[in-house]
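*Asks:* Below, each chain spelled out in residue letters.
Number of protein chains: 2
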Amino acid sequence: MELTFAIEGTDPGTAARAGRIRTDHGEIETPIFMPVGTVGSVKAVTQQQLQSDVNAQIILGNTYHLYLRPGTGVLSKAGGLHRFNGWPRPILTDSGGYQVFSLAENRKITEEGVVFQSHIDGSRHLFSPEGVMDIQRAIGADIIMAFDECPPYPAEYRYVRQSMDLTHRWLDRCIARLADTPDAYGYTQNLFPIVQGGTFADLRKASSEYIASRGAAGNAIGGLSVGEPEEQMYEMCGLCCSFLPADKPRYLMGVGTPWNILESIALGVDMFDCVMPTRNGRNGMLFTTEGVINIRNKKWADDFSPVDPGLTDSPASAYSKAYLRHLFVAGEILGLTLASLQNLTFYLHLVREARVHILAGDFAAWKAAILPRIKQRL
Amino acid sequence: MELTFAIEGTDPGTAARAGRIRTDHGEIETPIFMPVGTVGSVKAVTQQQLQSDVNAQIILGNTYHLYLRPGTGVLSKAGGLHRFNGWPRPILTDSGGYQVFSLAENRKITEEGVVFQSHIDGSRHLFSPEGVMDIQRAIGADIIMAFDECPPYPAEYRYVRQSMDLTHRWLDRCIARLADTPDAYGYTQNLFPIVQGGTFADLRKASSEYIASRGAAGNAIGGLSVGEPEEQMYEMCGLCCSFLPADKPRYLMGVGTPWNILESIALGVDMFDCVMPTRNGRNGMLFTTEGVINIRNKKWADDFSPVDPGLTDSPASAYSKAYLRHLFVAGEILGLTLASLQNLTFYLHLVREARVHILAGDFAAWKAAILPRIKQRL
Chain A
1 MELTFAIEGT DPGTAARAGR IRTDHGEIET PIFMPVGTVG SVKAVTQQQL QSDVNAQIIL
61 GNTYHLYLRP GTGVLSKAGG LHRFNGWPRP ILTDSGGYQV FSLAENRKIT EEGVVFQSHI
121 DGSRHLFSPE GVMDIQRAIG ADIIMAFDEC PPYPAEYRYV RQSMDLTHRW LDRCIARLAD
181 TPDAYGYTQN LFPIVQGGTF ADLRKASSEY IASRGAAGNA IGGLSVGEPE EQMYEMCGLC
241 CSFLPADKPR YLMGVGTPWN ILESIALGVD MFDCVMPTRN GRNGMLFTTE GVINIRNKKW
301 ADDFSPVDPG LTDSPASAYS KAYLRHLFVA GEILGLTLAS LQNLTFYLHL VREARVHILA
361 GDFAAWKAAI LPRIKQRL
Chain B
1 MELTFAIEGT DPGTAARAGR IRTDHGEIET PIFMPVGTVG SVKAVTQQQL QSDVNAQIIL
61 GNTYHLYLRP GTGVLSKAGG LHRFNGWPRP ILTDSGGYQV FSLAENRKIT EEGVVFQSHI
121 DGSRHLFSPE GVMDIQRAIG ADIIMAFDEC PPYPAEYRYV RQSMDLTHRW LDRCIARLAD
181 TPDAYGYTQN LFPIVQGGTF ADLRKASSEY IASRGAAGNA IGGLSVGEPE EQMYEMCGLC
241 CSFLPADKPR YLMGVGTPWN ILESIALGVD MFDCVMPTRN GRNGMLFTTE GVINIRNKKW
301 ADDFSPVDPG LTDSPASAYS KAYLRHLFVA GEILGLTLAS LQNLTFYLHL VREARVHILA
361 GDFAAWKAAI LPRIKQRL
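Here the protein sequences come in this chain order: A and B.
Under UniProt numbering, the first residue of the first sequence is numbered 1, with each subsequent residue one higher.
Under UniProt numbering, the first residue of the second sequence is numbered 1, with each subsequent residue one higher.
Mixed in with the good hints there might be a few duds.
[Claimed, not checked] Computed Cβ-Cβ distance ranges for the label pairs, DEER-style:
1. A/G73 with B/D313: 28 to 36 Å
2. A/D134 with B/D302: 17 to 25 Å
3. B/V292 with A/Q48: 22 to 30 Å
4. B/D121 with A/D134: 50 to 58 Å
5. A/I120 with B/R214: 52 to 60 Å
6. A/K299 with B/P182: 25 to 33 Å
7. A/R377 with B/S102: 55 to 63 Å
Since the hints were made in silico from the structure, they are not lab data.
All C-beta atoms, glycine included, are put in the ideal place defined by N, C-alpha and C.
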């Protein structure tokens with residue numbers, strides 16, 4: 001069945017909503033954070049830990065990475081990514097556009113698509129809207145993202161407008177391609193289009209209206225958190241939310257810190273993804289209920305309190321700060337795993353708490369109360 | 001209470017025994033394999049996975065590594081390694097001797113002990129029998145290994161004899177030091193002396209008799225699997241077993257492959273440790289019930305059968321060979337974790353099965369039947 005979204009509560013003090021997405025691989029309670037499983041694995045974490053410890057309800061896969069390795073041939077033979085990596089819950093794939101611009105070499109954009117060289121072996125490839133739909137079909141994503149161009153920040157108005165128009169034309173080709181091709185593995189694959197428009201309010205409005213007119217099952221806001229000031233990100237995000245349908249989930253791509261997420265929930269966003277909890281975790285940066293920790297710091301060397309005393313269901317809280325610091329200093333792989341688990345568990349805990357407070361009607365007050373604590377550096 | 005050992009069954013066709021070691025941190029069913037937790041972590045595996053997935057009953061810590069990082073200061077403040085790393089079951093520590101000879105720089109051996117430079121920062125340290133007992137007390141090991149010299153292979157008879165005599169004198173200093181110092185954390189810490197003597201039968205006999213005369217709670221065979229032919233290893237191992245007390249556990253240090261372990265169990269060995277399952281696992285070498293796999297091999301790219309169909313309780317068997325290969329090819333950390341879990345689960349499975357067959361009295365036939373299968377390269 002097509003993806004559906006039901007709003008179960010709205011916050012009186014903000015634009016925040018609590019909802020429920022239904023997919024053929026199960027339900028997702030929103031607001032939700034989606035761990036990033038780049039190449040078919042959320043780095044350093046098992047799928048079992050993701051389910052039972054982190055309580056992830058949906059994860060991401062990256063089309064660019066999965067297309068290069070293991071490739072759609074293997075994924076098709078496996079019966080899709082769910083069967084390949086053993087993840088039974090929903091999967092969303094990005095369109096590969098962002099990675100092509102940030103990772104690949106010798107990119108050339110034309111109306112047809114983007115020609116690029118693999119960052120792994122230099123081989124040449126074309127990503128077109130049609131091709132990228134076919135790849136995401138083969139991966140078996142429950143939610144397929146439209147192929148878009150994500151302009152850098154800062155960028156000229158003229159460039160951003162042309163890029164946005166191209167993204168809109170590409171969207172229509174994505175829609176046409178999906179209409180012409182069947183779901184790959186017997187469950188519904190749903191397209192989310194992406195709003196672009198950089199930091200220009202009139203373009204963001206125009207793009208949001210164009211995207212809204214397509215009547216998709218859900219809509220995404222792209223091209224933010226790419227270097228613009230935080231205030232500008234919130235302004236653009238709020239603007240997009242005001243023009244995107246209220247009865248469809250809104251997904252803010254690639255954002256962000258825990259406080260970015262809470263502020264964006266207040267603006268009406270329902271879905272988030274970001275590499276920050278895992279990538280920063282692997283660098284020793286921990287997000288906790290008490291604040292942000294650089295676990296490599298000498299001050300933790302003999303601190304035997306749990307990693308996050310306020311989050312006892314985090315697998316990392318079975319260990320002390322001193323032990324986790326030791327693992328990082330000694331270069332032990334277990335440190336990467338525990339830090340990733342802590343951050344992911346915290347992110348999922350945070351959106352779950354946000355949901356509770358939206359439903360209780362006190363989200364704004366709760367957010368104001370916890371932000372200073374979770375933002376502080378310990 | 002002091003460590004005890006009860007023999008619960010012997011195999012009619014070999015010298016294999018099934019027993020039970022009791023320590024203040026719980027029981028150990030023998031024969032047993034002990035995963036190596038070098039710096040206080042079995043690499044790439046959580047303590048929870050070690051307990052519930054691998055079913056490890058005892059793990060090792062390396063005195064050399066733990067002394068350098070985090071150091072005995074932190075470990076003492078933590079209340080010992082069990083509390084530092086959250087491992088509630090027994091811990092055995094090696095004496096640091098082997099690592100000093102394989103890792104440290106500018107070693108100089110005297111009657112007093114070994115002066116060496118840290119492989120991490122070049123700092124100078126002395127390991128003496130007394131000092132190493134103090135360190136293992138501070139680590140909080142349930143089983144403390146005597147400080148020994150492990151001669152290389154090949155080595156001259158004269159050198160090996162002098163080295164053995166030194167190891168015996170050091171043993172007596174270890175015993176004296178432990179007699180003079182209390183258990184560190186309220187539970188009994190038990191000394192295991194180590195037989196040396198290289199590949200010389202008369203020295204092995206002399207050393208075994210000397211070690212046996214000390215009446216320790218358990219005894220170890222060191223200096224094997226250091227490059228000598230496999231047949232010679234078995235010959236020396238069998239010789240040592242024949243002179244070491246039958247009513248005390250026998251521990252063959254640093255051995256080895258799954259087939260080395262089965263053959264040595266047949267000679268009367270009860271305890272094993274080796275970095276092979278974790279280290280080789282991280283290099284993509286998998287031990288399975290069906291044989292040995294190089295998971296990087298292209299032949300597994302579209303093999304969607306479980307990693308080890310004969311070991312369904314292995315966490316890795318929730319995934320396919322194709323997926324695990326993909327993780328290795330893509331350089332994903334999860335690959336290291338799953339391969340380590342597979343190999344450790346297999347090793348623990350193997351010794352558990354060995355125990356079952358010793359108790360059933362058909363160990364020799366079982367061993368002969370499975371050896372060709374588990375040794376084959378797939």
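*Asks:* It remains to establish, for every hint, whether it holds in the given structure.
*Replies:* Now the hints, each set against the structure:
Separated by about 32 Å at the C-beta atoms, A/G73 and B/D313 satisfy the suggested range of 28 to 36 Å. Evaluation of the 17 to 25 Å hint for A/D134 and B/D302 yields a pass: the beta carbon distance comes to about 19 Å. With their beta carbons about 25 Å apart, B/V292 and A/Q48 fall inside the hinted range of 22 to 30 Å. With their beta carbons about 54 Å apart, B/D121 and A/D134 fall inside the hinted range of 50 to 58 Å.
With their beta carbons about 59 Å apart, A/I120 and B/R214 fall inside the hinted range of 52 to 60 Å. For A/K299 and B/P182, the Cβ-Cβ distance of about 32 Å falls inside the hinted range of 25 to 33 Å, so the restraint holds. Roughly 41 Å separates the CB atoms of A/R377 and B/S102, a value that falls outside the hinted 55 to 63 Å.
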